[in-house]
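If you want the building blocks of each chain, they are given just below.
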Amino acid sequence: MAEYATHEYDVLVIGAGGAGLRAAVEASAQGVKTALVCKSLLGKAHTVMAEGGIAAALGNIYEEDNWQVHFRDTMRGGKMVNNWRMAQLHAQEAPDRVYELETWGALFDRTKDGKISQRPFGGHRFDRLAHVGDRTGLEMIRTLQQHAVHKGMDVFMETTISTLVKDGDRISGAVGYVRESGDIIVFKAKAVVLATGGIGKAFKVTSNSWEYTGDGHSLAYAVGADLIDMEFVQFHPTGMVWPPSVRGILVTEGVRGDGGTLRNSENERFMFNYIPEFFKAETADTIEEADRWYDDKVNNRRTPDLLPRDEVARAINAEVKAGRGSPHGGVFLDIASRQSADYIRRRLPSMHHQFKRLADVDITQEPMEVGPTCHYMMGGVRVDPDTAASTVPGLFAAGECAGGMHGANRLGGNSLSDLLVFGRRAGLGAAEYAQGVSGALNVASSDVDASVADMLAHFERDGSENPYKVQQDLQETMQSLVGIIRQESELAEAIDKIAALKERAKNTGVEGNRQYNPGWHLAMDLRSLLTVSEAIARAAHTRRESRGAHTRDDYPTTSDEFSEVNVVVKQQPDGGMNISQEPLAQMPDDLAKVFEEANVA
Amino acid sequence: MPDVTLNIFRGDSNGGEFVEYKVEVDEGQVILDVVHTIQATQANDLAVRWNCKAGKCGSCSAEVNGHPRLMCMTRMNLFPEGEPISIAPIKTFPLVRDLVTDVSFNYEVAKEIPAFKPRDPETDTGYRLQQMDVERGQEFRKCIECFLCQNVCHVIRDHPENKERFYGPRFFVRLAELDMHPLDTEDRTELIRKAAGVGMCNITKCCTEVCPEDIHITDNAIIPLKERVADEYYDPLRWIFRKLSGR
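From first to last, the protein sequence lines stand for chains G and V.
Counting from 1, one number per residue, gives the positions in the first sequence under our numbering.
Counting from 1, one number per residue, gives the positions in the second sequence under our numbering.
If we strip away everything but chain G, and leave its shape as in the complex, we get:
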């Protein structure tokens, strides 16, 4: 029998980035007993790194903007396989969520007439991102954090959930460990909200931190929830490439929004050569029009530098492959020759600081070197758009670990707004569900014991496998075989390699004791990483077409067949991974009209 403390709540929120904090605030406001559990200290979650802004059709710069245009941009950015209802709710509710942040203390940059300023970003028709310089994520998480601590919820910091527990078909609790002490902790909860973020640590070059190991995806999968869109992994086009130690660190799209352009080694603005048919009608095809667009977005079409991220990442990849890359295997991103040093320092202070400190590059004087970096997971837990409920009763999901909202590719700025809109909805959905649960739910001690045995097993092995080495090999595998450009044979090879890595992960041993032991933590995170990696590789293998962030060398175009389906990942009763294709939800006719209307073309 394991020793542990048990805590009882109505709603347990796992993850304290934007989505988790917003969910916990909402659940708490509904009067249910709420706990917030997070892997790091409060305020350090990945949201803090978001730079550019929160996409919301406030219409402060262009009155022509409205939720329909935002909805349309989002769906087209996602190559039309987004869940239409999520995209609709997101576009409709984002403005209120932004204004709400202001009443909680956020200080956004302003327009001349005192409204919230908005900046242009890739794939957005109009200037749409509410921002605070290039540190919008910090502003958002701090605002939510400072608001949340006065709302009467309990916060369990540096605590990791490793298993969800069910009573019959319903969620009834969770088992995890406290990093600081290594103690086991058990939660009894009527409803659980997953807000655990992404999976970036499955890849070698990533903008994501150690926390991003797909915990929520894997926890949901293990209790029988559906995952969708797992083949869609976003590679942000602009990560740092030099020096090696900073490879992958994000360079905000705001650099291009504020006038920066991509150039190859021949000093050519190469994006004009990569305008896809799908975006031709709305993209400038001359440098003159592209440059006019920055000041007049009604009468000019968008610069191809700000095509959606999947298009730009592929273009950079192709330029480097063709031998027109920068000295360290990226391309040039130049804002120095386009804007004054003052402007750059004011609009992009943290980029200026980051390059100066980490790369000895002064971005007000010289171009940056950038290249694609694994940034965001479009795929995740399949949820009901209105309530964020998963297919397992009592289990909810919001933010990056939920699937559907962004389809095949997310637009920049749509993540922070997603966190707020669906964080709130998940908190509300979970609270209402919890209020409707009658009778006591049971967390069986046999379930807890099994989970604890699993966690502690790492100390009893001979330690023949180093968890860091297994993670490194997984990252190499995913980077080289399941990266930006994919093909059948490589994906099949990846699936085999992941199976072998799973066997190795079973033999990971750890040194030291249970107190704040990163080797042990990683050994446990590996299980999630391997589950999501397998799901990504299998879903990518299944989708025999190229769409959004999923590019198949062997199927280079979109196919009608796959434009109608989600790839669904689900655990089989025998523990194997089942992959199926299910029809997409059908958009109602009145919404479909948005795509025909001239004023939003």
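All clues given are correct.
The list that follows gives simulated cross-link-like pairs (lysine-lysine, DSSO-like), each with its CA atoms no further than 30 Å apart: (1) V:LYS111 / G:LYS151; (2) G:LYS570 / G:LYS188; (3) G:LYS112 / V:LYS142; (4) V:LYS117 / V:LYS243; (5) V:LYS163 / V:LYS194; (6) V:LYS205 / V:LYS142; (7) V:LYS117 / G:LYS33; (8) G:LYS151 / V:LYS194; (9) G:LYS115 / G:LYS297; (10) G:LYS166 / G:LYS506; (11) G:LYS112 / V:LYS117; (12) G:LYS204 / V:LYS22; (13) G:LYS151 / V:LYS142; (14) V:LYS142 / V:LYS163; (15) V:LYS91 / G:LYS356; (16) G:LYS356 / V:LYS205; (17) G:LYS33 / V:LYS111; (18) G:LYS33 / G:LYS188.
According to the in silico footprint, chain V covers these stretches of chain G (three or more CB under 8 Å from chain V): (19) 238-244; (20) 353-364.
Don't read these hints as lab results, they were simulated from the structure.
From the three backbone atoms N, C-alpha and C, an ideal C-beta is built for every residue, glycine too.
Since the structure of chain G is already known, use the hints to place chain V on it.
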């Protein structure tokens, strides 16, 4: 690049010692990279906090060669070749293990500060504010909560017992931010004077020197708070007014 020798503190609340590691360093690396290399190859259980590795989250504070720094923003080329580098946990907070300390004091203080209380918006599309007015608060909201300022503040570094009656520079920044927030309506002057103990700061500016976000903690946050308290409590005219009005 050559091998580097690092002396890293290993231990817990029962004590510990500096352990020597030799490690190969790659071009452009920061201290945190090197700590990660050691963790992956020589000491899997070496405890260290980190998240963003880009100076944005404030998790990886430590004392490198005695200087409080973010490990992720400290380049290896800062140090003379051939000389060993020491890394120790920040000192003001109780040690958990190796480079990790218990910073819960800060989260407790954060709860004590009365919440932001805005005036009503003048329109249904939010407030109208001038950029100049938000910029004052934005300087303070750059804070990444690395707690390096708390670490070097000798009011609490050398006198842990003062934590009972002194919030520390991080929270003077927070209080100044609220005080100068263009929308906030709450008066926290009494808290600033008493519970937060702003009077105990003797303006040595140690906090300002170590701030990785270059926030002018002393000049822009602490001194205005001290002036606010002096105006309210020690201005003779106001003192008489308070006596007469019974406020």
